[in-house]
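Trainee: This is what each chain is made of:
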Amino acid sequence: AQSVSQHNHHVILSEAASLELGCNYSYGGTVNLFWYVQYPGQHLQLLLKYFSGDPLVKGIKGFEAEFIKSKFSFNLRKPSVQWSDTAEYFCAVIMEYGNKLVFGAGTILRVKS
Amino acid sequence: NAGVTQTPKFQVLKTGQSMTLQCAQDMNHNSMYWYRQDPGMGLRLIYYSASEGTTDKGEVPNGYNVSRLNKREFSLRLESAAPSQTSVYFCASRPDRGLNEQFFGPGTRLTVL
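For the protein sequence lines, the chains are A and B, in the order given.
The opening residue of the first sequence carries number 950 in this note's numbering; numbering runs sequentially from there.
The opening residue of the second sequence carries number 1362 in this note's numbering; numbering runs sequentially from there.
There's no promise every hint is true.
[Claimed, not checked] Calculated pairs, DSS-like style, for lysine-lysine (alpha carbon to alpha carbon, straight line, at most 27 Å): (1) A:1049 with A:1020; (2) A:1007 with A:1018; (3) A:1020 with A:1007; (4) B:1432 with B:1370; (5) A:1010 with A:1061; (6) B:1370 with B:1418; (7) B:1370 with A:1049; (8) A:1049 with B:1432; (9) A:1049 with B:1418; (10) A:998 with B:1432; (11) A:998 with B:1418.
Everything labelled a hint here was simulated from the structure, so no lab data went into it.
Next comes chain A alone, as it looks inside the complex:
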């Protein structure tokens, strides 16, 4: 069965610090990859997605992620975080032509102002 691992459950950063959240998945075939964000008290929203092509994907609010197939990784990055980035971030994977997303356990990011 597929699984998704997010390396850190809690991350605390100061404003303007750089962010990298790790995500690894276990499936060996072709996959589609997603990062979702959940702001406090809100539902999940899509940050970015990778289906094919350029492995460096840019999303909303200055986030980007790099797909490294050899490492089964899809790490999320942002060069300079803001207080408003405080949220929980979820990595998710789906097999190509599959219909079930598998989510990681989530990483709670707190940005100190």
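Fit chain B to the known structure of chain A by using the hints.
Mentor: Chain B only, in chain A's frame:
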């Protein structure tokens, strides 16, 4: 478009009571999903429906039943609620088995005493 809507937003039940969580989407999506979100465990799939009239078990189906009433609506029923079912429940939809992300509803926070 309202997207994915869920009712109720909050609910408190006593052990053994039953209730139905409602979900509807107005995006003409084929696939619909029910997840539960628990701290440190990410989102776990309870049931999903790939099309009207079909339903399949996900990762944690025990204690739940679902109905795909029509293309728009997908309900989740707890026949005899247990404290272990205290969670936040999210409904999601997706256009088809192709390369599209899931769209999430606002969630239902359920407490079982």
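Trainee: Okay, which hints does this one fail, numbers in order?
Mentor: none
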